[in-house]
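Residue strings, one per chain:
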Amino acid sequence: MKPKGWKDLPPGSVVLEGGSAAKFKTGSWRAFRPIWKDENCIQCLFCWIYCPDMAVKVKDGKRGDFDYDYCKGCGICALECPGKKGQKAIVMTEEGK
Amino acid sequence: MATTLTLKELSKKEDRFTHGHRMCSGCGAPIVVKIALMATDYPVVISNATGCLEVSSCISEFTAWNVPWIHTAFENAAATLSGVETMYRSLKKQGKMDREVKFIAFGGDGGTYDIGFQSLSGAMERGHDMIYICYDNGAYMNTGIQRSSATPLGADTTTCPAGSVIPGKLRSRKNLTKIMAAHNIPYVAQASPSHWQDFAKKVQKAHEIKGPKFINVIAPCNRGWRSKTNDAILLSRLAVNTCYWPLYEIENGTTKITVTPKQKLPIVDFLKPQGRFKHLFSPENEGLLTQVQDEIDREWEKLLKEAKTD
Numbered sequence: 001m002k003p004k005g006w007k008d009l010p011p012g013s014v015v016l017e018g019g020s021a022a023k024f025k026t027g028s029w030r031a032f033r034p035i036w037k038d039e040n041c042i043q044c045l046f047c048w049i050y051c052p053d054m055a056v057k058v059k060d061g062k063r064g065d066f067d068y069d070y071c072k073g074c075g076i077c078a079l080e081c082p083g084k085k086g087q088k089a090i091v092m093t094e095e096g097k
Numbered sequence: 001m002a003t004t005l006t007l008k009e010l011s012k013k014e015d016r017f018t019h020g021h022r023m024c025s026g027c028g029a030p031i032v033v034k035i036a037l038m039a040t041d042y043p044v045v046i047s048n049a050t051g052c053l054e055v056s057s058c059i060s061e062f063t064a065w066n067v068p069w070i071h072t073a074f075e076n077a078a079a080t081l082s083g084v085e086t087m088y089r090s091l092k093k094q095g096k097m098d099r100e101v102k103f104i105a106f107g108g109d110g111g112t113y114d115i116g117f118q119s120l121s122g123a124m125e126r127g128h129d130m131i132y133i134c135y136d137n138g139a140y141m142n143t144g145i146q147r148s149s150a151t152p153l154g155a156d157t158t159t160c161p162a163g164s165v166i167p168g169k170l171r172s173r174k175n176l177t178k179i180m181a182a183h184n185i186p187y188v189a190q191a192s193p194s195h196w197q198d199f200a201k202k203v204q205k206a207h208e209i210k211g212p213k214f215i216n217v218i219a220p221c222n223r224g225w226r227s228k229t230n231d232a233i234l235l236s237r238l239a240v241n242t243c244y245w246p247l248y249e250i251e252n253g254t255t256k257i258t259v260t261p262k263q264k265l266p267i268v269d270f271l272k273p274q275g276r277f278k279h280l281f282s283p284e285n286e287g288l289l290t291q292v293q294d295e296i297d298r299e300w301e302k303l304l305k306e307a308k309t310d
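Protein chains in written order, with my numbering: chain L, 1 to 97; chain C, 1 to 310.
These are computed hints drawn from the structure, not numbers from a lab. Cβ atoms here follow ideal geometry from the backbone N, Cα and C, with glycine treated the same way. There could be a bad hint or two in this list.
Stated by the list, open to error - Cβ-Cβ distance ranges computed for the label pairs, FRET-style:
| no. | chain 1 | residue 1 | chain 2 | residue 2 | range |
| --- | --- | --- | --- | --- | --- |
| 1 | L | G5 | C | F281 | 48 to 58 angstroms |
| 2 | L | D67 | C | K8 | 13 to 23 angstroms |
| 3 | C | S172 | L | E95 | 35 to 45 angstroms |
| 4 | L | E17 | C | E284 | 55 to 65 angstroms |
| 5 | L | W6 | C | F281 | 47 to 57 angstroms |
| 6 | L | I35 | C | E14 | 20 to 30 angstroms |
Stated by the list, open to error - Partner residues are not named here, just some residues of chain C that face chain L (Cβ under 10 angstroms, in silico):
| no. | residue |
| --- | --- |
| 7 | T6 |
| 8 | E14 |
| 9 | D15 |
| 10 | M23 |
| 11 | C24 |
| 12 | T63 |
| 13 | W69 |
| 14 | T229 |
| 15 | N230 |
Pulled out of the complex, with its shape left as it was, chain C reads as follows:
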């Protein structure tokens, strides 16, 4: 079931994630969810790890979801969905169900990189037919901006506050997309809501592949990133163009860069609008800024090399 990916055609479809949800003004996560759900016409079942998306989309009495949706704890979105998917396969085998249904798990970076990591890893290894979509906003934004393993180097959070003792987070973020690729699953991709068509194509492609799939999507959070409410799309585009968040996919072990920036911008363009990196621009932290840039250059070169040899 292919959906035509033009805005005109997509706008004719019914919303699967409705208005009236209570995510913050200018949040990136609902944009991610809406694009992911409109990319396909298949009936879907969603499992949602605890996080901003979950707590503000189903506040008592209301739900913003127009599709079957399960709220799971922080650590087991993937495990819950594995069970649902297994039951579906069993029902199909028994002839009690013949509909084609697809399974999607949503989790934030805290529920994916850290707390839900073992259940995600397990589900991917067992080979359940599902897509796990992580919306990465780079910290535990829901509970008040605590650092996660997705928080970038030098970012100021409430548990690694920048000041006279430390200049924000001292460790680099872990590359979960690569970790998932190391599970040798059929499809792993990285996407951004600013490049909506690229993202929707990846979701569509993932639905057609049998087996476990993982898509990591950047989702700006203006509260935690200390930026303006209107720059979620601008920042996610800058993340792509500075190669902080390269858009690529790994299909059966073959790496392909799907969007190459016309001109690779310096990382300061991405860091400058964000208050969480404000301290990096003071003279004593100049070294850290160079370190951030070096790290991004190194990762990008590595990715280019991988895409070339594959």
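Isolated chain L (complex conformation):
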């Protein structure tokens, strides 16, 4: 994303719309990538509530995949994931491997 020049910004650099941070993608910060395994998921949504970056997509109360545009790869979701029969539904893998 190209930064705006001063001529493109509103006077005083006022922010004119709410929630505009969504246009700023923080996914490039990630060093570790969470991988979601649907077959081990019990739909507890703990990953969703504990995600500091609102990077877990949930639709109609059902968990979807990660939003890699925003996930910073902290790994809270993988640690908190209860999984199924001892098998975690979220595992962390190194980026670029």
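Position chain C relative to chain L; hints supplied.
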């Protein structure tokens, strides 16, 4: 306006604090904010003291807030919000506004325990109808981990570095939750993001009470606590289970413990994963470790007694 507190129902709501904010990876503060804001359907107005949360949620051109939000200086989040709340009451009286609006102030421990303390105390004493939520990460993390009056005993920070001269901070943290309770306000509580339902319930309850309310929430900071990026929730849960951060509420002077740990864990379980307490585990600092444990036991016993007699 009660919101059903199940994750399934909550997940259907629109985010009031969006992604794209620039808090560190694994920060506890956005989790605190998101739970606090999703707990209610009321329109809210936020006043935010300077701190990590403020500087990284509204970096030029962008804002992560989907609700009216005012950035205030370090010392006056509560004072600013008192003014807004007073104006709202006046507009209501004049018949220019009829919507039910709720007011929330957010501040870190530096902006609440230290710099913003007098404005907070004033707002609580004047009885403004608002909730002040302090996210306590135990130091001035935003400016580079300087000690605050919320920093626990023995913690290593850049202004009380552990070494051959001192073993980290020499003073105990002050108990702000109790200080706020001493203002005789209708509702004071302590919460943790790990127990999200307990926290959301407290916010909901606070919204329904008229007058000043205060909620103190622990918010792990992996940079300042020198821990892993993935353990914010784990550490806040350990803080509750070791009774370092007991979950309780004081409603109209009556103390109630909302979550009692099944088994009270030794404080070392909470200290061990944190690099800021690493030096406490060397033989010469054994006495300090016992002192920390004794202090926590004493406070917990006191709290149990208060909850029993009330």
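Hints and how they fare:
| no. | hint | result |
| --- | --- | --- |
| 1 | L:G5 <-> C:F281: 48 to 58 angstroms | 53 angstroms, holds |
| 2 | L:D67 <-> C:K8: 13 to 23 angstroms | 19 angstroms, holds |
| 3 | C:S172 <-> L:E95: 35 to 45 angstroms | 42 angstroms, holds |
| 4 | L:E17 <-> C:E284: 55 to 65 angstroms | 57 angstroms, holds |
| 5 | L:W6 <-> C:F281: 47 to 57 angstroms | 53 angstroms, holds |
| 6 | L:I35 <-> C:E14: 20 to 30 angstroms | 27 angstroms, holds |
| 7 | T6 | 9 angstroms, holds |
| 8 | E14 | 9 angstroms, holds |
| 9 | D15 | 6 angstroms, holds |
| 10 | M23 | 6 angstroms, holds |
| 11 | C24 | 8 angstroms, holds |
| 12 | T63 | 5 angstroms, holds |
| 13 | W69 | 8 angstroms, holds |
| 14 | T229 | 4 angstroms, holds |
| 15 | N230 | 3 angstroms, holds |
Comparing the model with each numbered hint stated earlier shows that all of them hold.
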